[in-house]
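J.: The residues making up each chain are set out below.
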Amino acid sequence: MERKYLYLDYLTCIGCETCETVCDFIHGGNPHIRIYVTENKQYLPINCKHCDDAPCLRVCPTNAIYRDEDGAVRIAENRCIGCLACLQVCPYGVPFYSLKVKAITKCDMCAERREEGLEPACAEMCPAEAIQYGPLEMVLELVNERRAKNIPEHRREITKEELRKSVSSGYVLL
Amino acid sequence: MKGMKFSFLCKKKPQPTGKRVAIVGAGPAGLTAAGYLVCKGHNVDIYDKMPEPGGLMLFVIPEFRIPVERVRLGAKELEEEFEVTYYPRTKVMEGERLDEGDEFYERVVGLDELRENYDAVLIATGIWNVRRIGIPGDDLEGILSPLELLFWIKGHELGYVPGEKVPDLKGKKVGIIGAGLTAVDTAFECSRLGADVEIFYRRTIREAPAGAYEINILRNRGVKWFELVTPKRVIGENGRVKAIELLRTRLGKPDETGRRRPIPIEGSEFQVPVDYLVFAIGMVSTPPVNGEYLATDNRGRIVVDGRHMTSVEGIFAAGDVVNGPTKVGRAIKDGLYAAVSIDEWLRGEL
Ligand SMILES: Cc1cc2nc3c(=O)[nH]c(=O)nc-3n(C[C@H](O)[C@H](O)[C@H](O)COP(=O)(O)OP(=O)(O)OC[C@H]3O[C@@H](n4cnc5c(N)ncnc54)[C@H](O)[C@@H]3O)c2cc1C
Ligand code: SF4
Ligand code: SF4
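Quick note, the sequences are listed as chains A and B, same order. For the first sequence, our numbering assigns the number 1 to the initial residue and increments by one for each residue that follows. For the second sequence, our numbering assigns the number 175 to the initial residue and increments by one for each residue that follows.
Honestly, the hints are just simulated from the structure, not real lab data. A portion of the hints provided could be inaccurate.
[What the hints assert, rightly or not] In silico lysine-lysine, DSSO-like type, Cα no more than 30 Å apart, as pairs:
hint, chain 1, residue 1, chain 2, residue 2
1, B, LYS344, A, LYS149
2, B, LYS427, B, LYS344
3, A, LYS160, B, LYS176
4, B, LYS176, A, LYS165
5, A, LYS149, B, LYS176
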């Protein structure tokens, strides 16, 4: 299957908390996308970037982290020994040890929903259209289309390469 | 572009339950509750006083933040895929009250009538009144309500308001009092229309609810930011605004919100000339009742229990009308959990 990307564009995000809300709702109160607020009140939702060359996946000693057919970086809970090596190397501090599950839990790009033919809930509900989901070229096109509607002060000149790198490797553009 | 998928919990309409739910208010709380309820097989009708669904997301929040099309397509999907029926331009009310945006409705339906005709009712009517400041001169011509101003601007773009209604702000001096999301969006829109905008705030940028990030973007656009001042009176000439008289403030001990309280400094009065003034100092809940029909608190918010049910059996409430001004995400959360309760209640499990 074609690799899918889940991209959150911080330049069009309005910090409304909808993504965290719906993620929280479908995960029984444990959202996998969390909003952090900076000192100057910029709202930054942080979720797993499902990096192309994911350091967590490379470092895991038991191979508990794998990539599924849509490209989501996933945890095989039965193989996780809770060593937190993945948390050490993730640039965003995404992996989270759940005492309930007794393993690392994190965003799985809404694996259950994808099985039912639905898409990640945050992308479906974000009112600002700041979260895009789909194949690389489609995501790039949608992000550019959305950015063009923004006001100049919220826009930043970025090269095609920069955006491509951001979408595929998780490198954040602010 | 795709629409917001309010029915994000299911792929298609399930077996109908035969139960009918009326939702009053098609903002994010109402639409998301509708999405949940149709996924549970209930039949949903939505009443709203505006010409189309979307609430503040569609009629107030600027396009660069939330694209109109994103909201429109989302509302349309509920109608086309899940047989939700919209009753636009319909104000629901027990008793009478003038609210912002009332010029758009064409008929009135009683809340009690809905209660009788449906198995459950959800109120999600938001905060559609603007807090008044109560200083001398605050009723002069040239004083604009932030909501009204934003309705005209966005309503004109959407084709509901004739161009003559939108004040010609080019080169005009607009003073805005307040530093919340409403103040910031009003400043953005006025500056976009060519006005010379100045924001007056009684605390500092650090306490501003809209945050330094947004305010600094405005400042880069040329909007002036004036902190530690509070309005004392509005000065007019021939019934029209001419200037605002302000007092300087200093910050005292933290108040109940945890922010330091602004204390006016006596004798520090000074005046700033303005052509228009906007008081964006807060908004008030607008339940579809005025009187005793259901319980509200001293700030006009609807009182609900742990099930999101109001004091009237079978009538639920969610969103800003219950919580006061919040954000889209909070309204959505409240709408979702209220819908969970409604579904359980309809199935006799609550
Ligand atoms: C200027 C401004 C800017 C904002 N910017 C942001 C932002 O950037 N990010 C963010 O997250 N939040 C923002 N908010 C807050 C956000 O818009 C609200 O929290 C959210 O819309 C509340 O949702 P709701 O569904 O409770 O109510 P609303 O969106 O207000 O919807 C209520 C609906 O009820 C209808 N209605 C009201 N009374 C009646 C009646 N008697 N009969 C029938 N229908 C009725 C209205 O027409 C409306 O459609 C902003 C608010 C304002 C005012
Ligand atoms: S839902 Fe969209 S706009 Fe709202 S906080 Fe999340 S990413 Fe930002
Ligand atoms: S964001 Fe962190 S957890 Fe997600 S794939 Fe990249 S390194 Fe792994």
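J.: Taking only the CA atoms, is the gap from A/LYS160 to B/LYS176 under or equal to 30 Å?
T.: holds (23 Å)
J.: Below or equal to 30 Å on CA atoms is what counts here, so check A/LYS149 against B/LYS176.
T.: The hint holds at about 15 Å.
J.: Does the alpha-carbon distance linking B/LYS427 and B/LYS344 stay inside the 30 Å limit?
T.: Cα-Cα ~41 Å, so violated.
J.: Taking only the CA atoms, is the gap from B/LYS176 to A/LYS165 under or equal to 30 Å?
T.: Holds, because 24 Å separates the two Cα atoms, which is no more than 30 Å.
J.: Take the C-alpha atoms of B/LYS344 and A/LYS149, compute the straight-line distance between them, and say whether it is at most 30 Å.
T.: Roughly 23 Å separates the two Cα atoms, so the pair holds.
The earlier numbered hint that this structure contradicts is number 2, and it is the only one.
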